[in-house]
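Asks: One-letter residues, chain by chain:
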Amino acid sequence: ETGVTQSPTHLIKTRGQQVTLRCSSQSGHNTVSWYQQALGQGPQFIFQYYREEENGRGNFPPRFSGLQFPNYSSELNVNALELDDSALYLCASSLVGEGTQYFGPGTRLLVL
Amino acid sequence: GESVGLHLPTLSVQEGDNSIINCAYSNSASDYFIWYKQESGKGPQFIIDIRSNMDKRQGQRVTVLLNKTVKHLSLQIAATQPGDSAVYFCAENINDYKLSFGAGTTVTVRA
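Those protein sequence lines, which keep their order, are chains A and B.
Position one of the first sequence corresponds to residue 1 (the working numbering), numbered consecutively onward.
Position one of the second sequence corresponds to residue 113 (the working numbering), numbered consecutively onward.
Treat each hint with caution, since some may be false.
[What the hints assert, rightly or not] Lysine to any residue pairs mimicking SDA-like chemistry, simulated, CA-CA at most 20 angstroms apart: (1) B:Lys-180 <-> B:Val-125; (2) B:Lys-168 <-> A:Gly-99; (3) B:Lys-154 <-> A:Thr-5; (4) B:Lys-154 <-> B:Gly-195; (5) B:Lys-154 <-> A:Arg-108; (6) B:Lys-168 <-> B:Ser-131; (7) B:Lys-180 <-> B:Ile-162; (8) B:Lys-154 <-> A:Asp-85; (9) B:Lys-154 <-> A:His-10; (10) B:Lys-154 <-> A:Glu-98; (11) B:Lys-168 <-> B:Thr-181; (12) B:Lys-154 <-> A:Ser-24; (13) B:Lys-154 <-> A:Phe-69; (14) B:Lys-154 <-> A:Gly-40; (15) B:Lys-154 <-> B:Val-221.
Because the hints were derived from the structure by calculation, they are not lab data.
On a predicted model such as this, the values are computed, not experimentally measured, just so you know.
All chains, please: the whole structure from these sequences, using the hints.
Replies: Here is the structure:
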């Protein structure tokens, strides 16, 4: 088990709503990355945060946004939810410059 | 372009046999690769990694082989156990911050 934790474990929302997912990094790590994993697919990179700023972004629209806090924990916010946003959202932490990322258990989001 | 893919979506293996999971990548500039194991309902778990200056790396019951000439890597699991049943992903580290994953190979261990 990694030291990365995520909350909540499951969430149900309706289309058009907004959602906030939370992540606590593994102790000693200073970057947090977020991934979206659709059923039967590999994780897709959303963005990474380092020093409380976005450090890189994947092919996701601006309604996906994030925050990193001084204690290296992080939030993923998704506005104007769409049905296709239903997925497992994974948080991963690492040390900047080291390629290996360690994943949390994920938050399963269902949009109805 | 940058992409990582696995050759086969499923693999069925007899308990005690060795498993080989393959992965192809397209970015010849990639220099770091990671194998993850994902069990049902859990996040991906780090198994082993390899940098492009190596062609082989061994861990506990696992070996990763990297062939840069044909842009191919593989994960070998020795003496496969029921607990090895999971989805296996290879991931390519891009620009030192982004991991690019393939679709995964589902390994089923037969008793």
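Asks: Give a verdict on every hint.
Replies: Outcome of the hint check:
Of the pairs offered as hints, the one joining B:Lys-180 and B:Val-125 is violated, with about 27 angstroms between alpha carbons and a cut-off of 20 angstroms exceeded. With a CA separation close to 18 angstroms, the supplied pair B:Lys-168 and A:Gly-99 stays within the 20 angstroms bound. For the suggested pair B:Lys-154 and A:Thr-5, the alpha carbons sit about 12 angstroms apart, so the restraint of at most 20 angstroms is met. Taking the CA atoms of B:Lys-154 and B:Gly-195, the gap is near 14 angstroms; set against the 20 angstroms cutoff, the hint holds.
A distance of roughly 10 angstroms separates the Cα atoms of B:Lys-154 and A:Arg-108; the hinted pair therefore holds under the 20 angstroms criterion. Between B:Lys-168 and B:Ser-131 the CA atoms are separated by roughly 16 angstroms; this keeps the pair inside 20 angstroms, and the hint holds. For the proposed pair B:Lys-180 and B:Ile-162, the alpha carbon gap of about 12 angstroms is at most 20 angstroms, so the pair holds. Note on B:Lys-154 and A:Asp-85: the hinted pairing holds, with a Cα-Cα distance of about 19 angstroms set against a maximum of 20 angstroms.
Taking the CA atoms of B:Lys-154 and A:His-10, the gap is near 12 angstroms; set against the 20 angstroms cutoff, the hint holds. Between B:Lys-154 and A:Glu-98 the alpha-carbon distance is near 23 angstroms, which puts this suggested pair outside the 20 angstroms criterion. Using a Cα cut-off of 20 angstroms, the hinted pair B:Lys-168 and B:Thr-181 holds, with the two alpha carbons roughly 14 angstroms apart. A hinted pair counts as satisfied when its Cα atoms are at most 20 angstroms apart, and B:Lys-154 with A:Ser-24 qualifies at roughly 16 angstroms.
Among the hinted pairs, B:Lys-154 with A:Phe-69 is inconsistent with the structure: their alpha-carbon atoms are about 25 angstroms apart, more than 20 angstroms. In summary, the hint linking B:Lys-154 to A:Gly-40 is supported, as the alpha carbons are separated by about 13 angstroms, within the 20 angstroms threshold. Between B:Lys-154 and B:Val-221 the CA atoms are separated by roughly 19 angstroms; this keeps the pair inside 20 angstroms, and the hint holds.
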